[in-house]
Amino acid sequence: ELKVEQNPLFLSMQEGKNYTIYCNYSTTSDRLYWYRQDPGKSLESLFVLLSNGAVKQEGRLMASLDTKARLSTLHITAAVHDLSATYFCAVDKMVKLIFGTGTRLQVFP
Amino acid sequence: DARVTQTPRHKVTEMGQEVTMRCQPILGHNTVFWYRQTMMQGLELLAYFRNRAPLDDSGMPKDRFSAEMPDATLATLKIQPSEPRDSAVYFCASRGPEETQYFGPGTRLLVL
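Residue numbers (the numbering used here), protein chains in the order written: chain D, 250 to 358; chain X, 6 to 117.
Keep in mind that a hint or two might mislead.
Claimed, not checked - Subject to a maximum C-alpha distance of 25 Å in a straight line, what follows is the list of computed BS3-like cross-link-like pairs (lysine-lysine):
#	chain 1	residue 1	chain 2	residue 2
1	X	Lys83	D	Lys345
2	D	Lys252	X	Lys67
3	D	Lys317	D	Lys345
4	D	Lys345	D	Lys266
5	D	Lys290	X	Lys83
6	X	Lys67	D	Lys342
7	D	Lys305	X	Lys16
8	D	Lys342	D	Lys266
9	X	Lys16	D	Lys290
10	D	Lys252	D	Lys305
As the list claims (entries may be wrong) - Residues from chain D that face chain X, not an exhaustive set, calculated with beta carbons under 8 Å:
#	residue
11	Arg280
12	Ser291
13	Leu292
14	Ser294
Since the hints were derived computationally from the structure, they do not count as laboratory data. For every residue, glycine included, the Cβ atom is placed at its ideal position computed from N, Cα and C.
Isolated chain X (complex conformation):
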C-alpha cells in the first residue's frame, strides 16, 4: 500500500527555533508538493518540485522558509527562524503519471 509519509507528525517548538519537516513521496512519483493548512487561510500551496527541481515556491515566505529535494525519496521543508504565525498543519503530496495528488498525514506544528 503505497503512501506518502511525513515526519515528525507533531512538533512543538519555541519562537526562533529551526524546524525541519520531512516527506517521503510515493515511489515513482516525480512531482512533490508542500501545502499549509490553517483555519484562517485554508489550504495553500507553498512550493512544488518536479524531478527534484523546484518549479514554484511563490507561496512560500522566502526569508524564513526553504524547501529542498536532496534525492527522489526525500523532500524537506525548513523554517528558520520559526514564528508563532507559522503554526499550522503542513502537508506533503506527491503525484505520478496519474492525475491525482496523494497527501501525506501532515506535520502539526505549534510555535510558542
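Same shape as in the complex, but just chain D:
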C-alpha cells in the first residue's frame, strides 16, 4: 500500500524566513504534485513534477523531486503572510492521486 508522509504537520514561521516541507512516499512513482488549500476552499495546483531531478519554481515556492529517495521538497523563501495555507503533496499511482496528510503553514509578522 502506498503511503505518503509529510512533515512537519504544522509549521509556524516568521515573515522573511526560509523553510522546507518534506514529502516521503513508500513506493515507486515518477509523478508528484503539490497543492495548496486555503481554509474552507478547494485545492489549487501549485506544481507538477514529472521526472527524477525535476525542479520547479513559482514566486517564493520551489519544489523538487528525487524519485530514487522517494522524496519531494517544497521550499519557501522569505515567507510572507499570503503563503499561510495547508500544503499537500500527492503521489500519482496509475492516475490515482494518493495525498499526504498536509502541512498547515502559518506565517506571522
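Following the hints, complete the assembly by docking chain X onto the known chain D.
Okay, now just chain X, sitting in the frame of chain D:
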C-alpha cells in the same frame, strides 16, 4: 476561465435521506475523480472515470455509495441512505491531456 463546477455547495440532511452531488468537469477533460476530505482521514479517492467508464471505485462504500457519469458533462455521486459518518467535503476533479487534476469547489455535506 475553465473550471470544475459542483452542486450543491452545501447540503444538510437527516440520516437515512438520499444525497446526490453533481459535478461538471472541465470541457474536454476525459478523466473525472471523486474525493472525500475529512479531518480524520484526510483526502481519500472514492472513484474515478475515464471516458465516462468507471475504472476504480474501490475507495467507495459499495452498499450506500454509487457514482455515475451519464454523459461527458455530468458526473454524479449518490449516497443512499446517508449516515452521520458521511459528513465531509466531497470534491470532484477532472484531468485532461495535461498531467494536472483540477479540483472543483466541493460539496460540504452534513448528515444529522
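Each hint tested on the structure:
For the given pair, X:Lys83 sits about 21 Å from D:Lys345 by alpha-carbon distance, which is consistent with the 25 Å threshold. For the suggested pair D:Lys252 and X:Lys67, the alpha carbons sit about 23 Å apart, so the restraint of at most 25 Å is met. Taking the CA atoms of D:Lys317 and D:Lys345, the gap is about 20 Å. The hint holds against a cut of 25 Å. Between D:Lys345 and D:Lys266 the CA atoms are separated by roughly 34 Å; this puts the pair beyond 25 Å, and the hint is violated.
Under the criterion of a C-alpha separation no larger than 25 Å, the hint pairing D:Lys290 with X:Lys83 is consistent with the structure, at around 22 Å. Of the pairs offered as hints, the one joining X:Lys67 and D:Lys342 holds, with about 22 Å between alpha carbons and a cut-off of 25 Å not exceeded. Restraint check for D:Lys305 and X:Lys16: the C-alpha separation of about 38 Å exceeds 25 Å, so the hint is violated. For the proposed pair D:Lys342 and D:Lys266, the alpha carbon gap of about 34 Å is over 25 Å, so the pair is violated.
At roughly 16 Å between alpha-carbon atoms, X:Lys16 and D:Lys290 fall within 25 Å of each other, so this suggested pair holds. Under the criterion of a C-alpha separation no larger than 25 Å, the hint pairing D:Lys252 with D:Lys305 is consistent with the structure, at around 24 Å. Satisfaction of the interface hint for D:Arg280 is found here, the shortest Cβ-Cβ separation to chain X being roughly 6 Å, below the 8 Å cut-off. Against a cut-off of 8 Å between C-beta atoms, the interface hint on D:Ser291 holds, since the closest Cβ of chain X lies about 5 Å away.
Annotation: interface hint on D:Leu292 holds; nearest CB of chain X at approximately 4 Å, less than 8 Å. A cut of 8 Å between beta carbons decides the hint on D:Ser294: the least distance to chain X is about 5 Å, and the hint holds.
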